[in-house]
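J.: Listed below, chain by chain, are the residues.
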Amino acid sequence: MSEALLRLDKVTMQFGGLKAVCDLDLEIPAGSLYGLIGPNGAGKTTVFNLITGVYTPTAGSIHFEQRSIHGLRPSAIARRGITRTFQNIRLFGSRCCRDNVCIAQHQHTTAGILDAVLRTKRFADDERAMQQRAQELLEVMGLGEWGDTLAAELPYGQQRRLEIARALAGKPRLLLLDEPAAGLNPQESEELMHLIEGLRKRFGIAILLIEHDMRVVMGICERIAVLDYGVKIAEGNPLEIRNDPKVVEAYLGEDVHAADATT
Amino acid sequence: MRRALWGVGLLAVIWLVDYIAPRMVNAYIMQIAVLCGINVILAVSLNLINGFTGQFSIGHAGFMAVGAYGAAMFTLGVGQSWVAGLVAAGVPAPIAQGIALSVALVIGGLVAAVAGYLVGLPSLRLRGDYLAIVTLGFGEIIRVLILNIEAVGGARGLFGIPVWVSLFWVLVGATGVVLLSRHLAHSTHGRALFAIRDDEVAAEALGVDTTRYKVLAFVMGSFFAGIAGGLFAHFLGYLNPSSFSFLKSIEVIAMVVLGGMGSISGAVIAAILLTALPEVLRPVKDYRMVLYALMLIVLMITRPQGLMGSRELSWPRFLKRRKAGAAA
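Just so you know, the protein sequences line up as chains A and B, in that order. If you're matching positions, the first sequence starts at 1 in my numbering and goes up one per residue. If you're matching positions, the second sequence starts at 1 in my numbering and goes up one per residue.
Hints may contain errors.
Capping the alpha-carbon separation at 25 Å, the derived lysine to aspartate or glutamate pairs in DMTMM-like fashion look like this [what the hints assert, rightly or not]:
| no. | chain 1 | residue 1 | chain 2 | residue 2 |
| --- | --- | --- | --- | --- |
| 1 | A | Lys171 | B | Asp129 |
| 2 | A | Lys171 | B | Glu200 |
| 3 | A | Lys171 | B | Asp18 |
| 4 | A | Lys171 | A | Glu27 |
| 5 | A | Lys10 | A | Glu153 |
| 6 | A | Lys171 | B | Glu150 |
A partial selection of chain A residues facing chain B, derived with a Cβ cut-off under 10 Å [claimed, not checked]:
| no. | residue |
| --- | --- |
| 7 | Gly17 |
| 8 | Val117 |
| 9 | Glu163 |
In case anyone wonders, no lab produced these hints; they're calculated from the structure. Values in this document were obtained by computation on a predicted structure and should not be read as measured data. From the three backbone atoms N, C-alpha and C, an ideal C-beta is built for every residue, glycine too.
Start from the sequences and build out the full structure, keeping to the hints where you can.
T.: Spelled out as structure tokens, the structure:
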């Protein structure tokens with residue numbers, strides 16, 4: 001287990017008198033599909049913000065690939081190989097979809113500012129490779145046709161997909177998805193979940209998923225951790241989670257039976 | 001090779017314009033043309049900071065002043081004797097002056113870039129209105145400093161700067177700045193700047209070092225503003241701190257906003273328009289500035305996104321539109 005891709009040790013995040021996350025231990029194995037669930041305000045997004053460096057934990061440590069990422073800037077963590085999507089979509093609205101994906105490839109370019117303003121050969125090669133890869137990623141996410149559309153003008157469902165394409169462009173080894181299916185109808189969200197499952201195989205990456213829609217998390221995640229008031233109250237495979245009385249009591253309630261009924 | 005040809009061709013065109021223009025129009029119009037060119041550089045450079053990156057600097061005249069005084073002091077201290085030496089060695093005067101001027105402009109730009117770096121640092125912690133206040137303070141500090149340093153002429157101003165700048169140099173400078181800024185916009189670095197403007201948190205999360213790019217925008221913008229200042233100094237032959245007041249900064253901001261935040265072609269058009277307009281309105285005498293202000297207000301009400309919005313003039317778009325028009 002010491003070979004976990006990402007390891008959180010006793011991570012605590014305190015905002016004034018409020019402990020948003022408390023003594024959280026979490027291990028994400030390489031190449032896994034891991035679910036993080038919990039009721040509203042349980043601290044799920046705070047966990048993402050801790051992993052990506054938006055917040056620095058008040059106590060505890062976070063290791064990615066055996067190296068501490070404590071106190072690194074978000075951009076430095078992204079360059080180490082963790083990228084994310086946002087719950088409230090944060091696309092670069094004034095840019096076209098292809099540009100949105102290109103921006104995330106920024107860290108992999110070698111051409112400097114001088115190459116760019118003087119249009120050297122290195123710049124041209126870089127640019128061509130970037131555009132090509134952007135198009136590939138858009139096609140993977142089913143957005144091949146939308147390359148020249150402004151991100152802000154994209155339909156809502158496609159915006160969610162573009163966020164994932166953009167996060168993939170950073171060539172992550174760990175992809176964090178913050179409620180990727182929020183606001184999608186059941187059919188759309190099921191399609192998206194199949195797509196996410198495919199991404200893991202295709203790119204060989206680990207995915208940590210926050211999700212509200214229990215059915216989809218149960219359907220695709222191998223392991224699930226449950227947060228309630230910043231504390232991890234359960235962890236295990238979907239079956240264990242479903243039958244854990246603490247989880248049922250704290251959060252799932254009738255939802256779990258509904259999920260049972262459909263499976 | 002192709003690009004070298006383009007460059008030579010462009011220079012030839014600019015030289016031709018410089019050769020023909022004085023024979024077609026009077027000195028007054030030539031002067032306005034030069035000021036248009038300088039303002040184009042200023043507007044395009046501020047557009048890098050305010051338009052591309054979405055920061056709010058209102059101290060651009062400060063960078064221009066630093067560049068103007070830096071370049072002028074170099075010329076007065078060193079450049080002039082270079083020219084004298086080169087001419088004595090048999091180099092034609094215009095070429096000798098061109099060499100000295102180029103060096104002076106680069107030095108002016110570099111001094112301004114250092115100032116830009118210093119002002120850019122607070123931009124890491126501040127944004128919007130707060131950053132605006134800091135840059136406003138910077139602009140005023142520069143002006144008051146110059147006003148009180150006797151070595152650069154103080155309140156009397158700096159006299160005796162050789163007049164080496166003709167329309168040719170201003171056109172070369174403006175064309176260069178526009179081209180460089182256009183190339184930047186279409187590169188990964190330009191996209192990083194746009195990303196910061198659209199959503200700084202997302203840009204950072206995707207690996208864009210927002211710290212570096214925000215400072216970089218300031219450094220590049222002030223470098224070009226410094227060059228504009230150097231051209232200004234060697235065009236008028238006289239510098240006075242009052243030319244670099246807060247009003248000058250506002251004038252440049254008006255150009256960027258009117259042109260459309262982030263649009264290079266918009267900045268160019270608006271700079272020319274706002275420089276020429278007060279002159280065109282001279283016949284109405286006392287009402288000139290009233291009319292000028294009124295036109296600005298009407299324009300902003302009817303086109304709040306600016307003349308060009310965030311678009312650029314480009315051949316493909318123009319051709320597409322013509323084709324669409326023909327089909328309809």
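J.: Please go over all the hints and tell whether each is borne out by the structure.
T.: Okay, the hints, checked on the actual structure:
no.: 1; hint: A/Lys171 / B/Asp129; result: violated, 36 Å
no.: 2; hint: A/Lys171 / B/Glu200; result: holds, 20 Å
no.: 3; hint: A/Lys171 / B/Asp18; result: violated, 52 Å
no.: 4; hint: A/Lys171 / A/Glu27; result: holds, 21 Å
no.: 5; hint: A/Lys10 / A/Glu153; result: violated, 43 Å
no.: 6; hint: A/Lys171 / B/Glu150; result: violated, 58 Å
no.: 7; hint: Gly17; result: violated, 25 Å
no.: 8; hint: Val117; result: holds, 5 Å
no.: 9; hint: Glu163; result: holds, 9 Å
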